[in-house]
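Heads up: the protein sequence lines correspond to chains C and Z, in order. First residue of the first sequence: 1, per the working numbering; consecutive thereafter. First residue of the second sequence: 1, per the working numbering; consecutive thereafter.
Everything labelled a hint here was simulated from the structure, so no lab data went into it. Please read these numbers as outputs of a predicted model, since none were measured by experiment. Quick reminder that beta carbons are idealized off the backbone N, C-alpha and C, glycines included. Certain hints may be false.
With a Cα cut of at most 20 Å, we get these calculated DMTMM-like pairs of lysine to aspartate or glutamate [as the list claims (entries may be wrong)]:
#1 K20/Z to E63/Z
#2 K52/C to D67/C
#3 K55/Z to E22/Z
#4 K66/Z to D88/Z
#5 K3/C to E59/Z
#6 K55/Z to D65/Z
#7 K14/Z to E59/Z
#8 K41/Z to D11/C
#9 K41/Z to D82/C
Interface residues of chain C toward chain Z, partial, derived using beta-carbon atoms under 7 Å [stated by the list, open to error]:
#10 F39
#11 G43
#12 P44
#13 A96
#14 S101
#15 G102
#16 Q106
Far from chain C, by Cβ distances over 10 Å, these chain Z residues were calculated [to be verified]:
#17 Q6
#18 K14
#19 K20
#20 F28
#21 L68
#22 N70
#23 S95
#24 G112
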Amino acid sequence: LAKTTQPISMDSYEGQEVNITCSHNNIATNDYITWYQQFPSQGPRFIIQGYKTKVTNEVASLFIPADRKSSTLSLPRVSLSDTAVYYCLVAPGRRALTFGSGTRLQVQP
Amino acid sequence: GAVVSQHPSWVICKSGTSVKIECRSLDFQATTMFWYRQFPKQSLMLMATSNEGSKATYEQGVEKDKFLINHASLTLSTLTVTSAHPEDSSFYICSAGTSGRESYNEQFFGPGTRLTVL
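Given only the sequences and the hints, what does the whole structure look like? Please build it.
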């Protein structure tokens with residue numbers, strides 16, 4: 001499975017846009033890129049998934065360049081409740097996920 | 001989205017006893033479920049892959065005789081921690097993938113079970 005690298009932590013303020021970039025240089029052709037959010041003592045929650053270009057849903061956008069060696073999760077106008085750990089994963093369909101260290105996002109008032 | 005439940009949400013047991021954790025897919029069928037373990041301030045670590053109607057596949061370093069997995073139906077997988085010890089205290093999380101296109105990999109996670117072994 002492709003290994004991912006993300007910043008250990010990020011700080012932001014309420015109302016700002018937050019972009020978290022993930023590197024996955026060894027991504028395979030059949031790998032999808034998925035982002036999860038995890039709050040303390042809860043299971044991870046699916047945020048967004050993409051294969052290439054840009055994907056947008058009601059909570060986030062995912063930008064994937066043509067070479068797919070990285071991806072950026074964009075959270076518009078974050079709030080205090082967005083404080084969590086964000087995981088970037090790459091894997092083929094319906095396979096077990098290998099979690100990296102994730103990015104701990106702290107949103108300040 | 002699909003819902004995955006776990007029971008119990010937390011459990012405290014004495015050292016040497018066994019604890020069973022249930023993972024259920026509530027509104028979809030899951031031929032495959034995954035069990036993860038998470039220690040404080042650390043990431044999730046895959047323990048095993050649970051396959052309906054067949055033996056589970058364990059990750060390297062995970063004792064299959066200590067962590068018994070049974071996937072008896074398409075909506076239920078159980079993890080039994082046998083002869084639990086304090087070092088088994090952790091947050092156990094299961095996940096299940098929805099059926100559909102093989103290339104799609106949206107997994108839904110349960111809320112987790114906090115195990116504390118005294």
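Structure-based check of each hint:
1. K20/Z to E63/Z: Holds, at about 16 Å.
2. K52/C to D67/C: holds (9 Å)
3. K55/Z to E22/Z: holds (17 Å)
4. K66/Z to D88/Z: With a Cα-Cα distance of about 10 Å, the restraint between K66/Z and D88/Z holds, given a limit of 20 Å.
5. K3/C to E59/Z: Answer holds: K3/C to E59/Z is near 17 Å, not above 20 Å.
6. K55/Z to D65/Z: Since the Cα atoms of K55/Z and D65/Z sit roughly 12 Å apart, the hinted pair holds (cutoff 20 Å).
7. K14/Z to E59/Z: With Cα atoms ~26 Å apart, K14/Z and E59/Z exceed 20 Å; violated.
8. K41/Z to D11/C: holds (17 Å)
9. K41/Z to D82/C: Roughly 18 Å between the alpha carbons, so the hint for K41/Z and D82/C holds.
10. F39: With Cβ-Cβ at 10 Å, over 7 Å, it is violated.
11. G43: G43/C check passes; min Cβ-Cβ to chain Z is 3 Å, inside 7 Å.
12. P44: holds (5 Å)
13. A96: OK, holds: A96/C within 7 Å of chain Z, min 5 Å.
14. S101: holds (5 Å)
15. G102: holds (6 Å)
16. Q106: It is violated, given that the least Cβ distance between Q106/C and chain Z is near 14 Å, above 7 Å.
17. Q6: violated (8 Å)
18. K14: It holds; K14/Z is separated from chain C by about 22 Å at its closest Cβ, greater than 10 Å.
19. K20: holds (18 Å)
20. F28: holds (13 Å)
21. L68: Holds, since 18 Å exceeds 10 Å.
22. N70: holds (18 Å)
23. S95: Since the minimum Cβ distance to chain C is about 7 Å, S95/Z lies within 10 Å and the statement is violated.
24. G112: The claim is violated: G112/Z sits with its nearest Cβ about 5 Å from chain C, within 10 Å.
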